[in-house]
Every structure is written in C-alpha cells, then in structure tokens.
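Enquirer: Chains as they are written, first to last, in the numbering used here: chain A, 1 to 276; chain B, 1 to 276; chain C, 1 to 276.
Calculated from the structure, these hints are not laboratory results. Careful: at least some of the hints might be erroneous.
Since the list gives no way to pick out one identical chain from another, each pair is judged satisfied if it fits inside one copy or across any two copies.
As the list claims (entries may be wrong) - Result set (SDA-like, lysine to any residue): computed pairs, CA atoms no more than 25 Å apart in a straight line:
hint	residue 1	residue 2
1	K195	Q24
2	K162	R221
3	K86	G169
4	K195	E121
5	K86	E263
6	K114	L27
7	K162	R22
8	K86	Q7
9	K195	Q23
10	K4	V178
11	K123	F111
12	K114	L91
13	K195	L27
14	K114	H66
15	K114	S50
16	K162	L27
17	K195	R22
Please read all numbers here as calculations on a predicted model, not as lab measurements.
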Amino acid sequence: MESKSEQNEWSSGVWAHLTAVRQQSPLVQCITNFVSMDLVANTLLSAGASPAMVHSVVEIPDFTPHIHALCVNVGTLTPDWLPSMKAAAELASQLRKPWVLDPAAVSCSGFRLKACLELIELKPTVIKGNGSEIIALSSASRGQTKGADSSHESTDAIEAAKSLAMSSGAVVAVSGAVDIVTDGKQVIGVHNGTKMMQQITATGCSLAGLIVAFLAIDSSRVLEATVSAMAVFGIAGELGEAMANGPASLRMHLIDCLYGLDETTVLKRVNVTRLG
Amino acid sequence: MESKSEQNEWSSGVWAHLTAVRQQSPLVQCITNFVSMDLVANTLLSAGASPAMVHSVVEIPDFTPHIHALCVNVGTLTPDWLPSMKAAAELASQLRKPWVLDPAAVSCSGFRLKACLELIELKPTVIKGNGSEIIALSSASRGQTKGADSSHESTDAIEAAKSLAMSSGAVVAVSGAVDIVTDGKQVIGVHNGTKMMQQITATGCSLAGLIVAFLAIDSSRVLEATVSAMAVFGIAGELGEAMANGPASLRMHLIDCLYGLDETTVLKRVNVTRLG
Amino acid sequence: MESKSEQNEWSSGVWAHLTAVRQQSPLVQCITNFVSMDLVANTLLSAGASPAMVHSVVEIPDFTPHIHALCVNVGTLTPDWLPSMKAAAELASQLRKPWVLDPAAVSCSGFRLKACLELIELKPTVIKGNGSEIIALSSASRGQTKGADSSHESTDAIEAAKSLAMSSGAVVAVSGAVDIVTDGKQVIGVHNGTKMMQQITATGCSLAGLIVAFLAIDSSRVLEATVSAMAVFGIAGELGEAMANGPASLRMHLIDCLYGLDETTVLKRVNVTRLG
C-alpha cells in the first residue's frame, strides 16, 4: 500500500508542474497527424502552453532552436513527412531539448514500424503509446517480428515497456486502464482517467503533447514530469466525464476542466502508485 | 402509404445493424479529406466502430488486407493522394471488402471529376453524395459534360441516382431533405435528419464513414445497411437538434446521441419509405 | 469621444453586412492550414457563407473563377503548397475578387517570411495578423530584418500596420486586445471580443475567413467590411464567453452565437472607434 506521504509528494509534484506550465507557457513544436492537430493544440493551450504546429522540413533549422520541447506523432505518416520528423528530433536531441515520440498505430505497416525504430535511434526523451504499440516496438527493438495484438492491456505491457526503456534510454509511458510510466527500473502507475476518453479520437495524441509541455518545464526529472502530465490529463477527463453525456461533450468538458483545474482538486484526485 | 409491418421491418433492421456495429467494432480505413478527419473518426468511434485514418500509399499493401471496409472521400483531393485511393480501393475490391466513394465537390474541377470516374471504375459498393454531386457524376458517366447545379434537391436526383447505380453497379445514396438510396431498381427514402446538419462541415463525410461501418457488418445487404446508417445518423441529428442552440452544439449533441442511441428511440423514430 | 451618430453608423453597417452575407451566401475558397480547416469552415457556415477548402494547384484554374473571395493562410506552410496559394491569389487579383492574406506565424522561418512577402506582391485586399506578425511583415517590407517579438500588443502595432498598408496597398487588420483596421490613413479600433478567444486554436484563422466573406459582399468598401467582420466575430465571442466554462465551450458557443446573432444584439454591442 502506498504511504500517505508518498501520495502527497506525487500530488504536490503534479500541482507544481502544472503551475510551472501555466507560468512559463513553454513553446511546444508538434509534428503530429492530421486528425489530432486541432485537439493537440487546444489541449496545450488549455494547459497554458504555446503550441506550434510547424512541420515543414525547410522551417526546422530556423524554428526548432527556439522551441522548448518537441512532439513527434506518426499517426498519419507518409514518406514525405519523415525527414521533417527526423530533422526536428535530431536537432532537439543535439540542443538537449526534450522530445516525445508517439508511435501511433506503429504496427499498421512495415514502413511505419521502421520509421519509429529510426526515430528511436534519435533518442526520444519519452516514448508514449498504448499497450499494443509499446509491445510491438519493444519486440521489434529486440529484432522480433511478432505483430502487436490490440487486446493487450497496459498492465500486460509493463515488461515490454521496461525492456524498451532499457534499450532506448527513453522513459516509456503506456496509456491504458492504468497508465504506466517506467525508466526501465522504476515503474509508476497513474490511475487517473476514464474509459470513455478512448472513444474520442486524438486523446492519446493530446496526452503526448501534454507530456511534452511538462517535460519542457522540468527536463531533468523526466519520469516525474511524465507522471504529472498523465495525472493532470486523467483528472481533467474524470471531471469532464462527470459533466458529459457522451464522448463529444466529454471532449469539450475535458479541455474546459484542464483549463480551470485548481490546486484543491489536483491534490485530492491525483492517484499515483509505485508498481515496481 | 407505407404498411406498418414494413416500417417495423425497417426499424428492427436499423437497430440490428447498429447493434452489430457496436458488438463487432469493425475496422474502417478512411482516406478522407483534411477538414473531416476529426469528425469522421469521432462519428465512427461513437457508433462503436474502429476508425483508422491511414492514407499513405506505402502502407496500403500491409494495412488494407486487415480492414473490414474502406471509405474514400475526395474532399481535399490532390494528385499525390489519388494513387493511395486507387490502391486501397482496388485492393478492397479484390478482397471483396465493401468500400464507399464520397465524391465530395466532384464538380469543382475537371481533375476531380476525372478522378471520381476512375475511382468508380474500381467498383465502389456505395457512392454517397448530395444531389448535385450525384447528378454531375451520373451525367459524366454517360459522357455528358453538363455542370452540376448545387440547387438540385435530392428528390430531383432520383433518376440520376438510378442511372448511376445501373451503370456503376454501386448502390447510390443521395443525402438531402429526404435521403435517397437506390440500387437502380428499388428506391428507398430516409426521412430522418434535420436541415441544420448541413450547417456543420463534414457531416456528409461522416455519414459516408458511418455507411462504411454498417456495410462492414452486413456486406451482403448493401441497400439495407446503407439505409440503416442514414437513418441512424439522421435520428442522432434529430435528437441532437432538440438539445442544440446552433450548429456547433448540434455537432456535439449529434455525436453524444449517436453514442447513446437506444432501441426504443430507434424503433420509434426510424422513418423509411419505399419511393419506387 | 466617439459621437453617438458615428457609433450608430458603424452598428447599422455591421448589421447590414452580416445580413448580406446571410442572404448572398458567398462562395469562399480557403487555402488554409491543417489545424484550422474545421473551425474556419464552421465559422463561415455559421455566418451564412459557403466555404470551399480547395487547395490543389491543379484545381485552381477551374475552381477559383467561380468563387466570390479567397482566403490564404500560411499557418502550416510547406513548399508544395505555395504554388497553389500564389496561383489562386494571382487569379483572384486578376479577376478582381477580394482576397485576404493571414501571415500566421510569419516569423517562424525565413522561408515563411519570404513566402508572405511574395504573396503580398500579389496584392491582397486585406492582410490580417496579430501585432507581432504585422510588425515583422512591416519591417521586412522595408528591408529590415528585425525579428518579431510576440509580446507586442496590437495597439503598439498601429504604426507598423499603417506603414504596411501604405507599402502594400492592402487594408491591414491587427487582432489583439483592441483590433485595429487601417488603410494607411484612417485607423479604426474594434473593441469587441474577449481575451479567452486566444486560448482556442484557429480563432485568428477563422476571423480571417470571416473577413473574406464580408469582403465578398462589399468589395468596394474594404475597410468597413473588415471592421464589420471583426466586430461580428468579437460579439459572438463575448456572447459565447458569457455561457462558457472554458475555451472548449467558448469555441462551441461562439459558433452557435454567430449563427444566431440578431439585430438588437448587434446594434447594442458593436464597439468601434476612430483611432486616427
């Protein structure tokens, strides 16, 4: 059982992170998919960050040096977008800016899997996926070709996440009924969030964007910043669902709640535990 | 006048189709336009289907064999997207997976009209458009070049729809004040829906996506599955409008209502008639 | 102090413009960024206009001659989109159709700044940006390379806007706490709107789209039509914020309010002053 003081520590850390995002309004570059651009941008704005959906390879040398952190999401990947993603990721890594890889639907093609493995070579700070995506990536990173099974629950993905974290050097975040965050040694569970959030497209991408904003303001504590972002997004979803009649109103209330989230609510609702 | 037993048959068919979509959660690949990706995905999710917005030509050989059905929408067509659409459509036809063509704004250019005619050669299961689009396609299929007049009501388009259905082998669905579905012989009218739905961008595209999901779970009864999808979408719009203050809240309530639609409401509200 | 009769003149002008948009439903072509396509289209629909998100360079010769006005927004510019923007802008100028340039994030790269300067050569009717964007463009138009500082308030941008208007021949609109519209001589302030609108992505792009619709129905009075569009959008935002719990519900209510805006409300709320 989690000690009360440790739970309090997580809670106050989450609130400190959210406050810092609101105060510093980090500039977050997103190279994300077409489906999620709108919701990712609105998620970041409602959290207090400054999103910039800049994806042209010709703009990266000028723009990426000015950002605080980067999000790369392969959800609607085509070959012409990959050079931009690589250029931005490489530059971010060189300049020691944190960046997150969201390997959305990584198993849908050999092309996409290969692209994600190449992006992992560029040293993402965090890899954020669902259970199936993390299992597929972890297997492929070990040279295995077993396909992903989308029925994997995130808790089943713990070993895959730890393995991927060890081999890649990234913190790995797995969204699911219980969100998992691991650096390969520690395993943290985030129990916030609701099932209906999965009925809204682009919530996973938006969570990845939010993690980027939190990394931007605490890049030395990657595991903790990632946990904080997942807890904040989950709490906004819980509050939103209490007001919602279905997924579309949940989507609206989630963003409103993220915007209005206050200290009392955060401290009361953060539900984070050590799983290993 | 429609017999009561025939109306009951349509109603119970609509409910059976919706239930099957929810239970089977078919995987629906959408190659659609930039404007509609978000709403199409959320419409499919709220109906219980699994949308996948995969459009890269390099991913189609790996991915399309795993889908249950395909949606192709030319709303923001550029020459570089057409090969993907053709490759996916051709593969879907080969593998006997149903696919829907939405010839959005087909008359806006010679390029787009030609592209749609080429796609029709690949044997769509259903062609879904508004009256103007269907009239333009039907004329062009007969070698006529008369431009479309956007003032055509869907009921005026019946003859064009029948002709296009006969020449293409597709079931043709025409959205409008009364939705029309025809296989070239039978003509069915779907009287559900509200006028304000036309004030929301991408509702037509979302309806096309929904038809795909319904075809996925009953591909042997194309006419009936198409009617069911149109009735369900229309009913969700009616329920949504009763709660809405304008098009943006209608959009939200429509998705929520689609998600929550129950048997009693479906059986009571389905309004389908034989027109010929 | 503004005379009451002058204020009344602005108010009745705004209402006359909105009424004309609703009655004439102008066809507005938008070549805009991926993030904003959905909201721009819904803004135009809710105002009574007909949006068409047609951006392929191969479609412009067929399509652009039929439009009433054009919107060009560089928010997610890549080199392959620029020829379309130029072709459409050039054709619009040739055919004396009004067009608006939204130089979104113009300072994010040398490529984007150069593209905007080239587009300005094609004689936009209106250039709409925030203070930083207008200052950056104005400096660059004078051959200066000083970067934009995003902390500039729109009122600080008056001189830059006047200078850009004089050099380009366009009316320049600057969104901010007080919106500014100038033809280089007259300077008009629009005091409608709320701060929270900046927490929603694509509101600036949507305002640009709305200006296009208003130009379409009164192309001979560019300054006045631009002021009207900004006042209408601002009023919709004020009404929306009164009903909102955060940015996502504001976004919904804004569109609903734009759709339902009536004469009494417009006449009462328009807040326009001469600043110079």
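Enquirer: Does each hint hold? Answer for all of them.
Expert: These are the hints, each one checked on the structure:
no. : hint        : result
1   : K195 / Q24  : between (31 Å within a copy, 18 Å between copies)
2   : K162 / R221 : within (18 Å within a copy, 48 Å between copies)
3   : K86 / G169  : within (17 Å within a copy, 41 Å between copies)
4   : K195 / E121 : neither (33 Å within a copy, 42 Å between copies)
5   : K86 / E263  : neither (38 Å within a copy, 50 Å between copies)
6   : K114 / L27  : between (29 Å within a copy, 23 Å between copies)
7   : K162 / R22  : neither (31 Å within a copy, 34 Å between copies)
8   : K86 / Q7    : neither (38 Å within a copy, 55 Å between copies)
9   : K195 / Q23  : between (31 Å within a copy, 17 Å between copies)
10  : K4 / V178   : within (20 Å within a copy, 50 Å between copies)
11  : K123 / F111 : within (19 Å within a copy, 28 Å between copies)
12  : K114 / L91  : both (20 Å within a copy, 23 Å between copies)
13  : K195 / L27  : between (30 Å within a copy, 19 Å between copies)
14  : K114 / H66  : between (29 Å within a copy, 19 Å between copies)
15  : K114 / S50  : between (31 Å within a copy, 24 Å between copies)
16  : K162 / L27  : neither (30 Å within a copy, 30 Å between copies)
17  : K195 / R22  : between (27 Å within a copy, 16 Å between copies)
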